[in-house]
Amino acid sequence: MTTVTTIPDTAHGHGDHDHAHAMPHGWRRWLFATNHKDIGTMYLVFALTNLFAGGTMALLIRLELFQPGLQFLRPEFFNQLTTMHGLIMVFGAIMPAFVGFANLMIPLQIGASDMAFARMNNFSFWIMPVAGMLLFGSFLAPGGATAAGWTLYAPLSVQMGPGMDMTIFAIHLMGASSIMGSINIIVTILNMRAPGLSLMKMPMFCWTWLITAYLLIAVMPVLAGAITMLLTDRHFGTSFFSAAGGGDPVMYQHIFWFFGHPEVYIMILPAFGIVSEVIPTFARKKLFGYSSMVYATSSIAILSFIVWAHHMFATGMPVTGQLFFMYATMLIAVPTGVKVFNWIATMWKGSLTFETPMLWAIGFIFVFTLGGFTGLICAMAPIDIGIQDTYYVVAHFHYVLVAGSLFAMFSGFYYWAPKWTGYMVNETRGKVHFWSSMIFFNLTFFPMHFLGLAGMPRRYADYPVQFADFNAVASIGALGFGLSQLYFLLAVVLPTYRGGKKAEAQAWEGAEGLEWTIPSPAPFHTFETPPVIK
Amino acid sequence: MKLQRTFTLCFAGILGFLLSPLSYAYNDMPGGPAVRQLNFAAPVTKIMEDIHWLHWFMMIICTVIFVVVFGAMLYSILKHRKSLGHKAASFHESTTVEIIWTVIPLLIVIGMALPATKTVVAMKDTTNADITIKAIGYQWKWGYEYIKGEGEGINFLSTLSTPREQINNLEEKSNTYLMEVDNEVVVPVNKKIRVITTADDVIHAWTVQGFGVKQDAIPGFVRDAWFKAEKIGTYRGQCSELCGKEHAFMPIVVKVVSDADYSTWVSAKKKELAALAEDPSKTYTLEELKDRGAKVYAANCSVCHQPNGKGGGAFPALDGDKVVNGPKEGQYQVLLKGKNAMPSWARLSDTELAAVMTFTRNSWSNHTGEVIQPSDFVAARASIK
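Sequences listed follow chains A and B, in order.
Note that the working numbering has the first sequence beginning at 1, numbered continuously upward.
Note that the working numbering has the second sequence beginning at 1, numbered continuously upward.
In isolation and in its complexed conformation, chain B is listed as follows (with noise of 0.2 Å):
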């Protein structure tokens, strides 16, 4: 009894203190959930119908064989009783019975493949795309490449926007927390677009709920998915298979977009990234390297070396670290190769890993004075291989 007693109490401490965060009021996440969502997103797409009216179908039958053999089990359960006085009846056999309740269940899950058989063939077919992108999973951020059709040659980096300080619960959370990034795909409404997925090290996943797309991004093999779009807006997903500790903070987000306002961000992105596209061979001052390699670490490296550089557990400390105060060989091997849990950053320009590693090489308790400039990278790829 005392033990009991003592549950209860220590139960209903914890209970009021764990029902506190229930007054928070979140607002509905555009293009993605709804607070206290109970169905799928809303669809986007045809197929994306076919997959809610397939699991209303599916719920709607299996609705109704609960009730049924439920509905008989507790009728036994009531009228059945010892305590009502019933006798047990003897029979424990009947192959009439067995037949009926085999044959029925499998005319049934018949009768529920049919309709699943033709949407998993249109899911599969990607032929006749109006324009493909090949989506590419790092460790942890998407890559873009628009490789054929309108848009073709635009490619760039999809990187999670929320600020650290959210995650750390420093700042309130925004009502797109977790599913925004800095650069979103965009796509025109009504066109097939073809999605080839692949990988850069490891299994990551791109599913966009709302368009009932989601395929596996796998290192060194391509595979690929399909959507059409039929309503203009932004849509989100998220990475869906564990790719290491990032994996809840790669997101994708997709603006579907009328023919003429695609046919505009086309251009706008193209003279974007002329722009952005550096010439390795410019030099810089040591407080533009500064500048740009701050930007580089924040968005890269404090993930794991932390901002202040202190680094913790598996990530070593930069700083005071012998190999960004020592020879800039072991510096440029470490960032184009990785070094253990640490991957290589060889996709990033020569200019921005000019800059990081300025930037490392500089700030904390670093003061080694070294300038990199792009052209460093330039020849440390070469002669690294």
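The following block holds chain A by itself, in its conformation from the complex (with noise of 0.2 Å):
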């Protein structure tokens, strides 16, 4: 689309520019983006680099954990990887790259030029790298990155060293990034869809980013009380969460849990809307019970809140309290049955081909769903008591999170990566990816609910002999996994970067959307002229 057009393109402060000469080259393209497009890119390459450094600290866990012993890594540092995986993959791979996706399509399926607001939108993804160098850079400090485990417990946190307050200062601006990208959004989707498009019309995807982003900004500012308390308690002499000074270390559980909790939704939510948009177009069939999702993720999302004790089973709490939030917990159960029901009524007498998007969203369904079980069965209290802190809680997060958000991230970019490169994506390869990913996971993952079963605890350096077989399915999955995600970078996505067969507007047959009446790859301006709905 390179017509000039004759309204003034205000919301891009662009002025009268010619549009030949408007968009930015070089460095200062991308430090002072405020292209939604250019913005999105640039928090999926940071995302991906995180996964790829997380993925190393994972395999480095897997390599000491290979055989019984300790081989390679002294147990301080060993902890160090465990905290430090855990904290890039959340808050620098999973967190960031779904606000790619939300900058890249957001705009691009409700008929919107850009974000509503541009200039912030170039801040929230610019403090990223900055907070990621401090989480980094925290290894430097004496005494190595904090090892509390990726949940910062005090008082173990507050016995850290230097690391820790890196860690923590990295994480307030983290929060402050996905606060503004969340208000972002939200404006966005409230103000700025083409005229006709109502909320009810608008795509599955846009309706999980909008109520992910209130969970947002519900918690992020949680989480931030609850580390400044900790860095208060371990510079400024306050005991908030020291029993010594009258405090409660279960306190921080709580205020931390309360974040945590709805933290995984928001990690899963817009993975959900991904799947519900690739679904109905391989299917041929528009997405069964489209109101029902809306009411069955807004109660996924609000139930969230009220469920984060069953983390803390272990505690102490009375038996009131058990009940309760066991109880709370098995209902999220039933919106998440019903949007997989709906998922399955989209494929039923649909006319279904197979593309590798296709696959990682079936994909996804199917192992999804086995973490789903494995967190019910986690809600049920008497059998957390048995499971709490095992590898079968590290098994069943896994299966979630990988299998489902990093699972739906692949599906999302190989469906809209046409439209982004304007090269179809090579579907051999896709596949490769796709199956030995599968494998792989499976592998890795699948031997640990056996290990939790019979005791392995988590973050353990070092374990008895007999759980030693297991533990080495695992690793040697985790390698393959790893490997697969190597093969991702190098056989699909920088090759797909450079060039293929080339894409439609409607990359996909079934297609259905705004993002689709564009050309591929999409234009660096789109929609200026917003586009009327009927």
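Incorrect hints may have been included.
[Claimed, not checked] Here are the computed distance ranges between Cβ atoms for each label pair: (1) A/M133 to B/T285: 41 to 49 Å; (2) A/L494 to B/D182: 33 to 41 Å; (3) A/G321 to B/A379: 41 to 49 Å; (4) A/R28 to B/P307: 55 to 63 Å; (5) A/M133 to B/G85: 52 to 60 Å; (6) A/S298 to B/I60: 29 to 37 Å; (7) A/L489 to B/N168: 35 to 43 Å.
Source of the hints: derived by calculation from the structure; they are not laboratory data.
Note that beta-carbon positions come from the ideal geometry of N, C-alpha and C, so glycine has one too.
From these two lone chains plus the hints, build me the complex, please.
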């Protein structure tokens, strides 16, 4: 789209620039980016970098755990790795990647020319590399990075060295970035939809991000509170979490998990949104139960606020507390199940093809549901007493976060990459990536269910010899999974940006939605005149 | 293509190297995990039987739901393909269906919650215990105090007894690797034991899988749990809340014995503790203190400061250290109050502290010739508040 519009382009502040010169070049294009496509791309590159960094840490962990005994790493460093692997994957990989997808796709899907606050968008992104450097830099602090687990429980985290303070600062920055990003997303979705595009006509991906953005605004400040209290306990003489001073270590857990539980829904709802876009396209059938899906997503979001203490069943809550949190947690299974059924009903009697995005989406449903079942099992407080802090929990959350969030992101990448790059992604290579990821993922994490039931605790640098075989299998699986992602980068992502079969505007036969009405690759400026939806 | 070939070759090589350890044969741990164990530990208490039952109940329901739901999806994948010529239908909503598949799962979930509720309530009822034992989590060992019931007054520390050589791969690992201690908790069979948990420094967690018990040990707070073991035997668990670098090295071992054996153990243990209870007014020779000190050092200090006193990373070398070679007050301060990452060791007895301080001041290249007596620590405790 290179026609010059006669309507002043105030959303971008370009004034009366000729569009042939409107796109900046060189480093300024990126440092001063206000274009949602550029910012979205930067978020995805940042997230992929962190995926490999966190993944390397995971491989080091699995290397040490390959055999019983301490072979390569000292236990204190091992726990720095487990902590940073968690923080980097959650805050550096998954969350920024979903924000990247939001930036790239929301304006296109609602027919908006860009995000509502383009300059704040730039600031939201550029905070992240600074925060990332602080987080990584903490390895070099005296005493190394914090080794208190990504959950940073007091009083252990109060004992940690300066690496902990760097982490606290980094998390504050990332939280600010998320909050600003969420404000941007909410205002964009509520105010900048094309005329005629009512909320109940908008793509599910936008709905899930709208809801996720509200969750982020509600809970990131709570995390900020928790880590600030940690900071003052560490350096300014407070005793929020120290019994000796009248405080309570368990209060940290309450505050953290009040953030933490909605956080995991923040990490999965956009994934649900992506899958809800992909499945109808490759089933050539509209999403089944659109309004149900909206209500189910909203119920999940609201329920996510009242279940946090299911992470604390072993802390010594009174009976009423255990029961309430058990019941509330089990309730979340209901709307989640509704979503799974609606996806399958979308496939049912469709006209299915199985290109790579569809493989990932179907794979997601299969493996995420397994994770959902183990979550339901963890929700049963008596069972949780047996598996809390064991590898069963590690298996559960990796199933929902890796096989859930990450696989959905891969689905979204393969789905929308033609729109971003203008080229179709090589199908064979996509399938290699999918099948090797699926196989190695399950090889890595399925044995962990057995390890957890048998009693192997988490965050252990060494373990009784009877756990050796399953640990060895998991380590081999992890290596394969990691190599599959390297294959993704080198054999799929980089070549796709360089060339391939040209993509149509509507790259997929069954695709519907405003993003498929513009050329592939999407021009720098799109929807400068909003389309009218009937 | 070349890239793919290279990947395959690298991968095959790595796989070959990695598969080698699977040939080691280990046996099941008595009272602990079995090799390649797939399910929970065998239940030793009624509560654990309930937990086993609940878990099978959940597994069966989830498997049935899985088969039905993914059966439908698989059917759809096979039959509703464009390549088979299947044309897409146009339905995209049905309120009836939505209600059905909301209500049925809701009923299933309520059905699951009912038996679980019974067990939760039972697990929380710690009243009317026969024996009460306090478990205190330390970085990185457990302390036990028998505070009520037969055995009252017994207290001891329970430390990992796996030799460091096994951990550092210099020796073959035993079948109770990492789940063996010097002093086991002993309880009588078929008696309700209430375990009160607390901690001295950070949060730990006390657990024995076979009993179905897990309870966080929180510094400055007391929590409790209970179990009634119905089988004689030795049962094991591991600390279950990240507590620092030796989190993996502070296991729990509980020996369940008959009533008669328990009474025998109680009197024997009381005698043993009385003998060990040291008179802090006793004086010892340099050699006696160094001998004792070497043992205390190996059990408590060498983990961070290394057996050769050279430390490493964040842990200073004691060999040639200025506090160790300097005025005694400096070292009393560090031992009794801790410093930075080093916790306070005030819980050791005066004799143990005197011994280890004498040992450090007269070992490696330190030759102060100083002898610290237990009474010195009595005085130090009084003056250092």
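Query - Hint check for B/D182 and A/L494 - Cβ pair distance inside 33 to 41 Å - result: With Cβ atoms ~57 Å apart, the hint is violated.
Query raised in the report: A/M133 and B/G85, beta-carbon distance inside 52 to 60 Å?
Result: holds (56 Å)
Report task. Can you let me know if the beta-carbon spacing of A/S298 and B/I60 is within 29 to 37 Å? Result -> 32 Å Cβ-Cβ, so the 29 to 37 Å window holds.
Query raised in the report: Do the beta carbons of A/G321 and B/A379 sit within 41 to 49 Å of each other?
Result: holds (48 Å)
**Report entry** Range hint 35 to 43 Å (beta carbons of A/L489 and B/N168) holds or violated
**Finding:** Roughly 37 Å apart at Cβ, these two residues keep to the hinted range, so it holds.
Requested in this report: Please test the hint of 55 to 63 Å on the beta carbon pair from A/R28 and B/P307.
Outcome: holds (59 Å)
Requested in this report: Mind checking the hinted window 41 to 49 Å against the Cβ distance between A/M133 and B/T285?
Outcome: Violated: the Cβ-Cβ distance is about 58 Å, outside 41 to 49 Å.
Of the numbered hints stated above, those contradicted by the structure are hints 1 and 2, listed in ascending order.
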